[in-house]
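Construct all of the structure, not just a fragment, from the sequences and the given hints.
The primary structure of each chain is shown beneath.
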Amino acid sequence: MTNHITKKALIELKNIQKVYSKVDMETHALRDINMSIYEGDYLSISGPSGCGKSTLLSLLGLLDTPTSGSYLIKGQEVANLTADDRAEIRNLHIGFIFQAFNLIDEISVYDNVALPLKYREPKLSAKEVDEQVMSSLEKVEMQHRCSHKPNQLSGGQQQRIAIARALVGKPSILLVDEPTGNLDSKNGDLVMALLDNLNKEGTTICMVTHDPRYADHAKIKLNLLDGIILDNIALASTLQEAV
Amino acid sequence: MRLLINELKTTAASLSRVPGFVLTTVFTLSLTLGVLLAAFSLNHLLIFKALPYPDAQQLILMEQELQEGERRFSGSQYFVAQKLMYQQQKSLDAMALVFRSSAILASLREKPLTELSYVSPEYFDMLGTPILMGRSFSTQENLDSNKASALISEQLWREQYGEDVEIIGQNIILGEQQYKIVGVVSASFAEPGNFADDANSQIWLPWDFHGQDEETWNYVYSQTAAIGKLAPATTIAQVSDEFNSLVDPIFQQNGRVGTAKHQAIIAQFQDLQSAIIGDNKYIALLILLGAGVLLLIACANIVNLFFSRAAQRQRALVIQATLGAKLKHLFFNIWLESLLLCTASMVIGLIIAGWSIELLRSVASHALPRLAELSLDLTAVAFACLLTLTLSLIFAFITLRLINHKQLISQLQSSGKGTGAQINSKVRNALVASQICLATLLLLVTSLVMSNALNVLNHPLGFDDENLYNLKLDIGEGYPEKESKMQLSRDLLIQLQTMNGVEQISRASNPPIRRGSNNTGLFNSDNVKLGHFSFVTIDDNYFNTVGLKVLAGRSYNQQDVRDDSDNIVLSKTAATKVIADTGDGKGKIEDLIGQAVYSAGGDIWTVIGVVSDVYNPYNHERTQGAMMYFSSSRTNFVIRMQNGHVLTKSDILRLLDEHFAEIKVWQFTSVSDIHEQLVYQKQLTLWLSLVLGLFALLLAAIGIYGVISYNSQMRRYELGIRMSLGAKSKRILAEFIGESFAPIAAGFFLSLVLAVILYSYAQQHINQWLSFDWLMISSCLLALIVIALAACYFPARKIIASDPIQALRNE
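Order-wise, the sequence lines are chains H and U. Position 225 (the first sequence) corresponds to 225 in this note's numbering; numbering is contiguous. Position 578 (the second sequence) corresponds to 1578 in this note's numbering; numbering is contiguous.
Keep in mind that the hints were calculated from the coordinates and are not lab data. Hints may be right or wrong, so weigh each one.
To be verified - 30 Å max Cα-Cα, derived DSSO-like pairs, lysine-lysine: (1) 123(H) / 1730(U); (2) 1798(U) / 22(H); (3) 1426(U) / 118(H); (4) 123(H) / 139(H); (5) 127(H) / 1730(U); (6) 149(H) / 1730(U); (7) 1798(U) / 149(H).
Given below as structure tokens:
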């Protein structure tokens, strides 16, 4: 278990708000979110539909912008960064796994996994790209499907490719949005087992799930309701330990 | 029926919620439909619709061609030959002679120069001429009857005679001759215009009074022809054979000139419709092709708009599929919307077509034949309805093809989070490539047409036409002797020179540029033909007045003019041609000075000078500026005024009233007005092609932007994925523009290939309308490339500028 008292946070959110404004109404998707994620953490975010889980994950992944509040990643405040700077952080530090896989059907499995490396600066050599892509595919046991197109694979296989893509750039953190949402229970178990192994190897994981069975895989569980973090069971127990 | 009405109401209500889609679709389609319908009506009139004369398909135009060795000369007729055929032919049911001319209507106060036709009596019956009052010509006006009757037009009757109901029996005076009005021709008469550029006779007179030589072979005339009506089961070939057997033997005996090995006069007969339309059918087809291409571009635009609309209606279509709707139900739904839009576009298109036709009639009546008959008739409306139905079905069909029914069902089973339909890239690329290909092709064609028009419009005349006037006088019969004519010429010159503001004045048979020309052959001492050149007779001050430079030798002097000398001056191009055919062909123009050249009849002319060329827009393609000048004393004048001084007809009339009361003004125009008339058709061409080109550019811009924007909308989800993986904006833009530009480049390439093929084919038919100009073509292509790049950039920029999550959620 990571000693949070002594280590520096990988990600810190302070007083984060997210408000969606339409013509005649405002929706507070997130209110006063304060949380920190440390290296090696395995964090789950649960809650009923519409509670703001995916919104929170999108903010963590720099895919969306908070209405107010502070977001620090590796100590750097992201509020004043340009779009390209945020893109660079996503590319270097964040691996995102989507519920709907979000693979590009028109390119091969290999090219899908290589996509994050394509955007890396300075450019990697073809050999380096190949090594990292194959290594990533081997981790998810999909190296034999390199030349296939995503729509030729099953749901479970597509999700494993999505995981490989998220891992290829050796990110600081994996953000996982309902990884088993589109899978049957057997494939869901397989994907969860994969994530568990990755965390054991030291990968930091933050996962959104509505399934309490899968939420229990995480060491730290956050519950969200109406945009507010209800409790932080693991954090409370950690603080108790420290005391 | 109630169900259908309900469906229509629902569809209309649904469309009312997307005003942008409706307005863009209707705007694009109605404009192009309007242009297409007008072009269709024009083509239908020129190519398919029969002439408005009884038994029109049996009518032929009878013209002659002079064959001289390898050369062919057409466009002018021997009256001798016409009359011979008229009197002795047996193969025609009827034959009429026509000679177009003009004369001063001396019985009116203003003595206007009036267009008229000398006709044989069969003319009116053959053409079914509607008579408003009185009668047409009958056997009373047969050839050699010398009965001085006249028919006037309804326009003349209204404008000059105040719709006088007692007009029949009144007299008119044309030149020195008096005629009795026997009838008024209705304004609905469509006078056949072919051998004369403008068919707008105001008076018809009997053939006997044309006053031209119809006994000898000395003269040919371009404003005359004969119209024949084929007997049943008789062919044009048979009539031609009869003409050749009747006329050529007599020509061989009496009409040959020079020593060309082979000379013959042969029939050049064709059906009247083809003769009237001539090469204009190619123009009409070109206009129709242009309109058709515009419609294709518009259709590609609209298909793209329908795709976007289908994407918007995805949810509604999914729900219908859930409730059991089959493909045919979805098709009906989409087709109803498409039909409403197409119908609205057709209605507006018909209105636009009507306006376009009115505009065409008012501005292009000098350029295209039969325009007075042009209207939006039942055929055009039927075509519009058929086109509307076809287009609506095509749009609906294409849209439905792209909505995969199975995909709709599968969408019901997905959570719908962040899923975006990904349209096959081949379809995307084909749409873009076709847009670019069509638009580029249209722009290339319009640029070739515009280049040609600009070449003519901007071509320097070789002299300054500002402040230059042409005055033709009708001296009547009062000066029968050559010496009296010459004295009159000198007296007129002296008096005209006294007018305020006159800088230079000279006598000449014709203005420096004009419609038509007098031509004659030039031979060397071995009777070898050096050329067939147009000529003008001038005095000693002509080149000074017009502003032409003497390049070698000299101009005429007063002695030459007094003596009607046998000296000749050549234009630079004529001199160059003569040199090329003389000796080793390498001489200089100075070498021609003092050389003798010969007429067809063996008269000797001595070359005394070479002057700079004149560019006559009317016939430059044929003559290339080759001209000859002879000296003579005339009663036609070319007058150069000082800057700031304007010469008017009133000034001339005042002077004539004071000093020469019996002399009338035949024609008075400024040379710049003549220039304007000569290039009018090119100006019209320029403006039409400019409008067409801009319209094509606009449609292409809308289309390309729409397609690329649609592409970017469809790829929004994919772009969101790339952004979420860390792709920076420049990188995405470069990739997106690069990928989008591949089909654009393919479209360009294909259009260039098609353009080369079309140019090679079309050039031989409509060479006079096309000119190759790299600057013009490059400008058009550059404009299109800029538009294509902008169309690629802006839609993608919009997506990239927002947060990736919005793209992933397809917000």
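Now the hints, each set against the structure:
With a CA separation close to 15 Å, the supplied pair residue 123(H) and residue 1730(U) stays within the 30 Å bound. With a C-alpha separation of about 20 Å, the suggested pairing of residue 1798(U) with residue 22(H) holds against the 30 Å cut-off. Simply put, residue 1426(U) and residue 118(H) have alpha-carbon atoms about 24 Å apart, close enough for the 30 Å limit, and the pair holds. Taking the CA atoms of residue 123(H) and residue 139(H), the gap is near 24 Å; set against the 30 Å cutoff, the hint holds.
Simply put, residue 127(H) and residue 1730(U) have alpha-carbon atoms about 25 Å apart, close enough for the 30 Å limit, and the pair holds. Simply put, residue 149(H) and residue 1730(U) have alpha-carbon atoms about 27 Å apart, close enough for the 30 Å limit, and the pair holds. A distance of roughly 29 Å separates the Cα atoms of residue 1798(U) and residue 149(H); the hinted pair therefore holds under the 30 Å criterion.
The structure meets every hint from the earlier list without exception.
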